[in-house]
Amino acid sequence: MKNFSGKALFLDRSDINTDEIIPAKYLTEITKKAMGPHLLEDLKMDDFDPATDLEGISVIITKENFGCGSSREHAPWALEVNDINLVIAPSFARIFRQNMFNCGMMAVEIAEEKVNDMFSKFAGKETTVETDFDAKKFTISAGSESIELDFSISGFDESLVKAGGWVEYADSNY
Amino acid sequence: MGKTTAQKIFDTHRIDSPSDGIDVINLDAVFCHEITTPTAIVDLMERKKDRVFDPSKIKAVIDHVTPAKDSLTAEQGKVLREWADRQGIEDFFDVGRNGVCHAIFPEKGFARPGYTIIMGDSHTCTHGAFGAFAAGVGTTDLEVGILKGICAFHSPETIRINLTGKMPKGTFPKDIILHVIGNIGVNGATNHVIEFTGPVIDEMSMEGRMTVCNMAIEAGATCGICYPDMTTVEYLWPFIKNEFNSKEDALAAYKAFVADEDAVYAKDIELDISSLKPQVTYGYKPDLVKSAEKMSGEKVNQVYIGSCTNGRIEDLREAAAVLKGRKVADSLRVIVSPATPDIYKQALREGLVEIFMEAGCCLTNPTCGACLGMSNGVLADGEICVSTTNRNFNGRMGKGGMVHLASPATAAATAVTGTITTADQL
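Taken in order, these protein sequences are the chains called A and B.
Each residue of the first sequence is one higher than the last, beginning at 1 in the numbering used here.
Each residue of the second sequence is one higher than the last, beginning at 1001 in the numbering used here.
Keep in mind the hints are simulated off the structure, nothing from the lab.
Quantities reported herein were computed from a predicted structural model and do not represent experimental measurements.
The beta carbon of each residue, even a glycine, is placed where N, CA and C say it ideally should be.
This list has only true hints and no planted wrong ones.
Listed next, the in silico SDA-like pairs over lysine to any residue satisfying Cα-Cα at most 20 Å (straight line):
no. : chain 1 : residue 1 : chain 2 : residue 2
1   : A       : 25        : B       : 1382
2   : B       : 1241      : B       : 1206
3   : A       : 25        : B       : 1079
Partial chain B-side listing against chain A, Cβ under 7 Å, derived:
no. : residue
4   : 1018
5   : 1121
6   : 1148
7   : 1150
8   : 1374
9   : 1394
Using the sequences and the hints given, assemble the complete structure.
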């Protein structure tokens, strides 16, 4: 199973699309590793610089409809090769969400008010997310402040994470 | 309790429900292109599973960058080409015979009512125009589709969008779908199928229905669906005439995939389009839509007419009707890309190509290139394009470029003046 804990990056915008996560001009690459340096390269936000702000990040916390647009699985791959295996948001685009679990990664939906609460408590601070996969619990902390958050994923998604992805699961089950 | 079209299709294809609300279905077709398939092929080879579930159900095309623009894209084409040959995939469309996937596959009769189709391309929802369940997927889903002929989906919930009234003169299917997306938002149909129904759809051609269903993904939808009817049968007849004794028989069989009257919908939306005006997008999301006349006068650097949304023969006719006897403004350049070789040939026969060339347009071979800023019409930083494509994301057609989505008629009128213009304003 992949690592789902570590330093968090807050991206305070909804509808971040897969063209912003990995621009189409890099889709001519055949290896996942080639995506690495270009993660979120086209995301234009006042307080975000992909060249410096992704350093050491393991978790992204963001707003609704993350991963909309193109179906490119290069988006999860660009995250994966940067050791980011967990994205937390109020909602995801269907294909992106499925691609994450298909790769044994996690796109976890958390109610909007709780995500907003996380933003107001932790955004801008050095924040870490600890994931207890078996207990389905996140512990989010910065300095002395800490909150626990239960999450749920479907039994099928859980099987994909444990199996390491959909190819492994499908091959052993069908 | 009645069923929606997607529920009926799932009922005939479900092989497992591994957890609550998840269905694994078998697939009637897996479509492939050279951008998202090679990674799946390479992975299957590394896993020592280089095989396909059924070569006759796999269709492949080189369309995103064609002819290859550099060594990397040449390699992608090569991986796909050699794989198609090795696996005995007969329906492979190489350079010269290739077209934009969501235009050429329907043209070949590969999308049928009741089918389940996946492709590693978000605009696969286009094929729902035939009363099929067709969904864009990532490379892993594609890989399993190729290997096993199956895919997992959430059990489909459906939003019905009933389009009433009469299409005003000067508006087109593109204006309708932009208007719909503007209404429900880019997240308005996430995890849902959209059924497009009503008199407006009933009177629409297959080309128009494909334009509408094509952009269902821009509202987040898994698939856009139109019910199969006589228009569907007429379009498919050359491919199905040996399967049925008559068109009426075909229609009767396909009616099995029309939703029941008492089907249950997550949402029921009615839009009267009688007073619709030509639409255009104004920001970096496809739901930022307004009447084109409100944007009139805005300077444009490039016009692009083509893509899986609007590169079909009706679209070219619509644009040519505006450009006939007129010239492209000196201040901009116009690129026209017929979506398939057959569309290109038809445009030649009808004299459309001559109209475009006399006006000063550049005609390219069929390709997706410009739509996603990969080739054949990439924008420079700060440039503005009125485009008949489907996405206006920041940088979509080139880093720092701005895209305004519009119908072919509006794009053509803009080509004449150099600023955003509707055909009526000329």
